[in-house]
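**Student:** Sequences and hints are given; from them, build the entire structure.
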Amino acid sequence: MEAHWIAAIESSLRKEADPKVKRSIQVLSGQSQDAFMSSHLHYLEECGLGNFVAMKKRHANHFQWRCERASHCKGKSTGDPQKTRANSCGAYVSFTFVNKNCYDGCIIRLMSDHSGHDPNSPLESTVNRIHPGLTDYIYTLIQQGHTNAEILLCCKDWSDTQSQSYLKDRRYHVAPDDINFIRKSYNAHTHMDLNDCVSVDRLIKSKFKDDIIYYQPLSHSEKQALIIVFSTPWQRDQLKNYGSDMIYLDATYKGITQYGFAFYAVIIKSSQGRGVPVAFFILSEESTENLSICLQKLQECVNPFQPRCVMVDRDLKEINAVQKVFPHTRILLCWFHVLQAVHRWMQRQDECKKQPALKNEVIRAMIALKQCATEADFEERSNQVVDSIDELSGTTTISNYLKMQWFQHSKMWANFGRRVFHQNSETNNLAERFFFSMKYQFLQGYANRRVDDLLHLLSEKVVTYYSYLEELYKAGRITELKKPDMGELVSRMKYKGLHDKVVFQSAGQILVPSETSEGKCYFVDLITMLCECDWAERGNLCKHIALAKHVCEERDVDIDECRRELACCLSEQGSYEWDGNYLIVHHRQSFGVVNLQTKHCTCLASSLKEICVCLRVSEILVLRDGPEENIQSFEGVSNHVKEHVTPCKTVKEMIGALYNWSESTEFCESPELLSAVNRVYQLAFGQYSSNTRKRKIQKLHKYRLRVNEAKKTIQNMHSYTLKNSLNRAMRSHRPDSHFKITAFKKRVRDGKHRIHFRDTNKAMQK
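If you read the sequence shown in the numbering used here, its first letter stands for residue 14, the second for the next number, and so on.
These are calculated hints, taken from the structure and not from any lab test. Be aware that one or more of the hints could be misleading.
[What the hints assert, rightly or not] List time: in silico PhoX-like cross-link candidates among lysine-lysine, alpha-carbon distance up to 20 Å:
(1) K222 <-> K474
(2) K330 <-> K424
(3) K372 <-> K416
(4) K474 <-> K220
(5) K562 <-> K622
(6) K562 <-> K509
(7) K533 <-> K507
(8) K622 <-> K612
(9) K416 <-> K383
(10) K253 <-> K612
(11) K533 <-> K509
(12) K253 <-> K622
(13) K562 <-> K507
(14) K372 <-> K383
(15) K96 <-> K181
(16) K487 <-> K253
(17) K424 <-> K337
(18) K514 <-> K533
(19) K169 <-> K181
(20) K424 <-> K383
(21) K562 <-> K514
(22) K330 <-> K267
[As the list claims (entries may be wrong)] Estimated spans, in silico, between C-beta atoms of each pair:
(23) L485 <-> N316: 26 to 32 Å
(24) K89 <-> Q700: 35 to 41 Å
(25) T148 <-> D223: 26 to 32 Å
(26) D569 <-> D390: 34 to 40 Å
(27) K253 <-> Q177: 51 to 57 Å
(28) C115 <-> F194: 44 to 50 Å
Beta carbons are placed, not taken as given, at the ideal position from N, Cα and C, and that holds for glycine.
**Tutor:** Encoded structure:
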């Protein structure tokens, strides 16, 4: 039937006008049009009939592919086939698809008479077009971050798999210059404009429109800083789920952009204990105002959002911005950065250079003050520290520094200011670890230059990596962070009979015996979730509180009812301050701040997932005063992108050189003119200025290089290979194929081959 159908189609066609054209008809056996053309072009290439690459669609079902050397030479080019592919070749192959009588077929017309070149000449293969499969493979390697040398080796392996060994054939064997050209072509497709600022502006308004919360373009004429707030929808969901307890805020500068822009990351701690970035800030100028804008826009997009704690290093801009946007959030200072700042300041003082022991004394004093559980204890110990340091140094310079810089902000770094659940974190290491991964895992140690490349990296690699880890965790492939099993601890204490020794003093106040120290008891307040043990002093849920709650359940003591009664008393006494949005409740020498939108409180009990007294007071006030107009519903809160809208500028304001023409009667605005002038204006006043051209990221601590060199020296000294060969065992070969030892001398002798441990110690000191 197919033969009859082909004969019928052939009889309906006219004779070809060009006798060089060969016509054939084939039936499509379930193939698509693209697949059929691709397979036939591959067949023509294998037969040596030429490479046809330039496709032109003549009409709906007619496609023509011309020879890769069909272009005409221009300028000074002579059309030499060994130097250029512009040889004016007229060879082509066309495909006309027909559908008649329930059959799908294709009429193939081939004109294989090449002119201007010989497709089978090996001398002309040096300028052949690179194979499309090899080009796609190189694009993939570039996306994976491989260097040109690595790509060249991978291309060699690819050519070997294609059984192509003729090195002069450019179609299968690329040179380093070809890889550079393909990389530039890839960057041209990736970058929307060669200029970074223009490319960033277009990317943010098109591809990353859903990921950019806020964008303020750079403008030198208006003294306007660049501000980019980046957070994908997945990151915002993570911030909603985990950000209410605690967030980590830090910045880095080196290796991220060539312009020295500040790169901030907002990190949360997930359920598996991993630091996850939930937002990024890119700032050309660091200031409290700019950082406040970033935090404010992030809060508006993830509304309602109010973190209980924020961990920062000793940066006043960060502290002031957090206090401005989150006035009732507890700010915690990274303990490592506190000690580092004190150590660096002491290194610059003459008193410490004269008395090295003085620096150690100050560090020990700061560590002792860190352990203070109450503010009164801190004040008493700090006075003793001041007197001791003044007496030891003979001056008040050091003590004044400590009092002005650290003692006034003791709540941010001492233990008595951390009596709230803060994920048992004392440092900002989650943020530091992320920056390390950013520079040496995602950037592979090479400095990033352009801002648009940074946006692509964040969207396509960083966020994708962490979201995939979250999917693996939900699938059960990643286990949770190992936490103390309170049920097991309570069972162990009950087995020892400690639950029978629990003493009730008053409503919610209980004495719980110690498990390790006989005769010692800890005071537990279940209403405020306080305990005197060291673990609870750091804002954690301890086993004594868990045992007290278990005993209350056994004896039918309702702690929540005690909290309700206390809340009624506080509301009647007026022990609260209320401005309509925030409720501050004072009770038992402490206070809690309730956000009426998020229903979160800053007190310890609320941080441990308990319904605290402060929340009970807010319920009473809502029922009594009915402030529905002050409380916003969670529904209807849009998380759409807030984009900075710049005032629309006319051509007169942007181009001073065309001022006279713009004032004339011939002046006429058009969308094309406005678009072109906008780009010129942005190039003139919104240009990013580069301040570094380093290719590799410089390590933060240079002493690590010296440590690595010392390790290599020690390894060489302890190596079993010695420079001068020693006398080895003399062996003779016997007919029975066994070796016999005839002489043996000690490997290590006294003299020049002795290993000196004194030199090893010197290397370790280096």
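**Student:** The hint says 44 to 50 Å between C115 and F194; measuring C-beta to C-beta, is that right?
**Tutor:** holds (49 Å)
**Student:** Has the given pair, K474 with K220, been kept, meaning a C-alpha gap of at most 20 Å?
**Tutor:** Holds, at about 15 Å.
**Student:** Below or equal to 20 Å on CA atoms is what counts here, so check K169 against K181.
**Tutor:** Given that 20 Å is the threshold and the Cα spacing comes to 13 Å, the pair holds.
**Student:** Are the Cα positions of K622 and K612 separated by 20 Å at most?
**Tutor:** At roughly 12 Å apart (the allowed maximum being 20 Å), K612 and K622 satisfy the hint.
**Student:** Take the C-beta atom of T148 and the C-beta atom of D223, compute their distance, and say whether it sits inside 26 to 32 Å.
**Tutor:** holds (31 Å)
**Student:** Given the hinted pair K424 and K383, is their alpha-carbon gap at most 20 Å?
**Tutor:** Given that 20 Å is the threshold and the Cα spacing comes to 10 Å, the pair holds.
**Student:** Is K416 within 20 Å of K383, Cα to Cα?
**Tutor:** Holds - the C-alpha atoms of K383 and K416 are around 14 Å apart, at most 20 Å.
**Student:** For the pair we were handed, K330 and K424, check the Cα-Cα distance against 20 Å.
**Tutor:** With a Cα-Cα distance of about 18 Å, the restraint between K330 and K424 holds, given a limit of 20 Å.
**Student:** For the pair supplied as a hint, K562 and K514, confirm whether the alpha-carbon distance does not exceed 20 Å.
**Tutor:** Holds: K562 and K514 sit about 14 Å apart, inside 20 Å.
**Student:** In this structure, is the beta-carbon distance linking K253 and Q177 contained in 51 to 57 Å?
**Tutor:** holds (55 Å)
**Student:** Going straight from one Cα to the other, do K372 and K416 come out at no more than 20 Å?
**Tutor:** Distance ~16 Å between K372 and K416 Cα, so the pair holds.
**Student:** Between the alpha carbons of K562 and K507, is the straight-line distance 20 Å or under?
**Tutor:** The hint holds at about 13 Å.
No hint from the list above goes unmet by this structure.
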